[in-house]
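Asks: Just need the whole structure built from these sequences, with the hints factored in.
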Amino acid sequence: MGFTQGGYYIIELNRIYNIDCKEGLKLLNENSIDLCVTSPPYYNAREYSQWGNIDEYFNDMRDIFTEVYRVLKNHKVLVLNVGDIVGQIGKTKWSTKKIPYNL
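Residue numbers (the numbering used here): 138 to 240.
If you're looking for bench data, these hints aren't it; they were derived computationally from the structure.
Treat the hints with care, since some could be wrong.
[To be verified] Label pairs and their computed distance ranges (CB to CB): (1) L217 with N168: 16 to 24 Å; (2) C158 with D192: 16 to 24 Å; (3) I191 with V216: 19 to 27 Å; (4) H212 with Y185: 27 to 35 Å; (5) S169 with D200: 15 to 23 Å; (6) R207 with E184: 25 to 33 Å; (7) N190 with R152: 30 to 38 Å; (8) L150 with N190: 34 to 42 Å; (9) E149 with W188: 15 to 23 Å; (10) N166 with G189: 30 to 38 Å; (11) L217 with I153: 31 to 39 Å.
[To be verified] Result set (SDA-like, lysine to any residue): computed pairs, CA atoms no more than 25 Å apart in a straight line: (12) K163 with V216; (13) K163 with V174; (14) K213 with T203; (15) K213 with N181; (16) K213 with E184; (17) K210 with D197; (18) K163 with E149; (19) K210 with D171; (20) K159 with P177; (21) K159 with N196; (22) K159 with V219; (23) K163 with V205; (24) K210 with S186; (25) K213 with N190; (26) K163 with L150; (27) K210 with D200; (28) K213 with C158; (29) K210 with I153; (30) K163 with K210; (31) K163 with L217; (32) K210 with R199; (33) K159 with I148.
Values in this document were obtained by computation on a predicted structure and should not be read as measured data.
All C-beta atoms, glycine included, are put in the ideal place defined by N, C-alpha and C.
Replies: As structure tokens, then:
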């Protein structure tokens, strides 16, 4: 992580940090980012899935994008790559049927 100054972390420009985005976003000042480009994890579509249900997934995404909104400058430019939401329907563990969800 960056270095501290007066008890606050200083994020270095042009450096990659391998930390949880929820923690990393909290280190950034409000209105400090011009653009956010991201491809969040797909819900239960990959081996790294960590959510028990769709509500847990959307709660995590809501928390993350609340922080993204906070750190984006006034023009709030966000480029988001998302896939279809798939999940268990009936007895089939993985289904290609899309699950509608209202945010």
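Asks: Hints numbered earlier in the text: which of these fail when held up against the supplied structure?
Replies: Structure breaks hints 9, 11, 15, 16, 24 and 25.
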